[in-house]
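J.: Each chain is listed here by its residues.
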Amino acid sequence: MKFSPKDQINSVVANLPPSGIRKLFDIASGMDGVISLGIGEPDFITPWHIRNAGIMSLEKGRTQYTSNAGLVELKQEVANYMKRRFGLSYEPNNQVLITVGGSEAIDLAIRAFVEPGDEVLIPIPCFVCYDPITRLAGGVPVLLETKAEDNFKLTPELLKKNITDKTKALILPFPNNPTGAIMDKEDLEKIAEVLRDTNIMIISDEIYAELTYTDKRHVSIAEIDGMYDRTVVINGFSKAYAMTGWRLGFACGHPDVIGPMIKIHQYAIMCAPTTSQYAAIEALRFGDKDIEDMKTEYNYRRKLIVNGFNKMGLDCFEPMGAFYCFPSIKRTGLSSEEFCEKLLLEEKIALVPGVAFGKSGEGHLRVSYAYSVEHIKKALEGVERFISKYI
Amino acid sequence: MHRILELLENNSNLTPEDIAVMIDKTPDEVRAAISQYEKEGVIVGKKTIINWQKADKDLVTAFIEIKCTPQYGRGFDQIAERFYQYEQVKSVYLMSGAYDLALIVEGNSLTEVASFVSGKLAPMDTVISTCTHFVLKKYKDNGVMLETPPKDERQVMAF
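From first to last, the protein sequence lines stand for chains A and B.
The numbers in my numbering rise by one with no breaks, and the one at position 60 of the first sequence is 60.
The numbers in my numbering rise by one with no breaks, and the one at position 33 of the second sequence is 1033.
These are computed hints drawn from the structure, not numbers from a lab.
In silico DSS-like links for lysine-lysine, alpha-carbon gap of 30 angstroms or less:
1. A/60 - B/1140
2. B/1140 - A/377
3. B/1138 - B/1120
4. A/83 - A/289
5. A/295 - B/1151
6. A/263 - A/166
7. B/1151 - A/289
8. A/303 - A/330
Computed from a prediction, not measured in an experiment: that's the story for all the values here.
Just chain A, same shape as in the assembly:
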């Protein structure tokens, strides 16, 4: 018998689809002078006082593990933050877990809930991790296709239609990557109404919570009557404080949920990076102004880019959160992958096809505005030149 390591790979892993942007990424990486609006991370670097807090912790020799769930001080600051920003009370000792990015928290929450055969409801288009993590846990992803005509919000009808006896959890990824859609309080009330008489848990990925552009602040579904106990709120430092590379996030929820998540976390990860945790304490204590400054800047760019796409004839609904817009390219007659590949080859502009975020993202582009105004204007000119051939 011939030994083949390939045959030893877990079949779920082996069957996970490759990245939806691998091909474009490879083309773009081999090209010079690519103008990208294709990145899902802030263009700002972490504010200096936060970086300095990380450096100071190293100077003081704080290089050991922290306790599994995170530094007591940081958990306290997270609890203060959740209270200050959302009016949500969490006990730092047993309701807060510091994780390696929001991503780890998502993984932990799904693994803590899902048993083989359990269904997880995932609104699409969405960030790409929920489906594969659900599969890895033996669960069955049930994709809820949100629609452009609903501004890519999750509607109670869509939710209701997909609930079965096997439904274990609902992922709530708002403000949304890639669409920029948000769910406001009224929208969440309707979702809560559907869930109230069920045992369905909510994994609310609120990593973009600080980046909303309405008069009202982001509302967490945990704030809605009856939802607190069933919701794991996931957030982190990457987007709000431009700390992507520090890999630091957190989860807050009922002690009976956070406890099991800590169990997985302690075996798989031990603890989140110590330096990052010290930097995060500084961020939560003194970083509110940084958030406001970055948000102001994103908002200017958001208006510029949405206006740019609408003016050139690519309909773009107004994204009220995150730092993406999601213009429709249906008028061009091209699929989103064709569009992005041609645009890259002809104009050296890199955008991400909407379909990479789920079937209902087809016919759209994900455009990040985490770029300077000059950069955005240059890219818009190129896209306009390109589409004039098609519409």
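Dock chain B against chain A, hints included.
T.: Leaving out everything else, chain B in the frame of chain A:
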């Protein structure tokens, strides 16, 4: 409407059309606001920030502390005026603390700046003393990092 000023302060290349979109006004409203600012002397000019250290031109910058006697009824204003009329003097500030006026002076060589200070500034009758500091290296100027301008090191594409 300070938003217009903030936007222009960071990027003077923005057109009234761009600004209009960014702050939900019409281009005409933005144009009118800008010309009002110009009329009132709120917007006083536009310049390009140049790192002369990288251009093929030697330029000497000096920071000069000046102690002087204020004049009755006019304080330091007239003295300051006498300083800032010199083309070599790029900035003049009235300071709190150990000295009175701070000047930023530019010239083509150390000798040129030194003789300007000793020949023109120091002899003024209200000047008590001067202290000249030559700039050895500029790291950041007008809020812009000169030595290590931030570079976009992100991947070309990511979810």
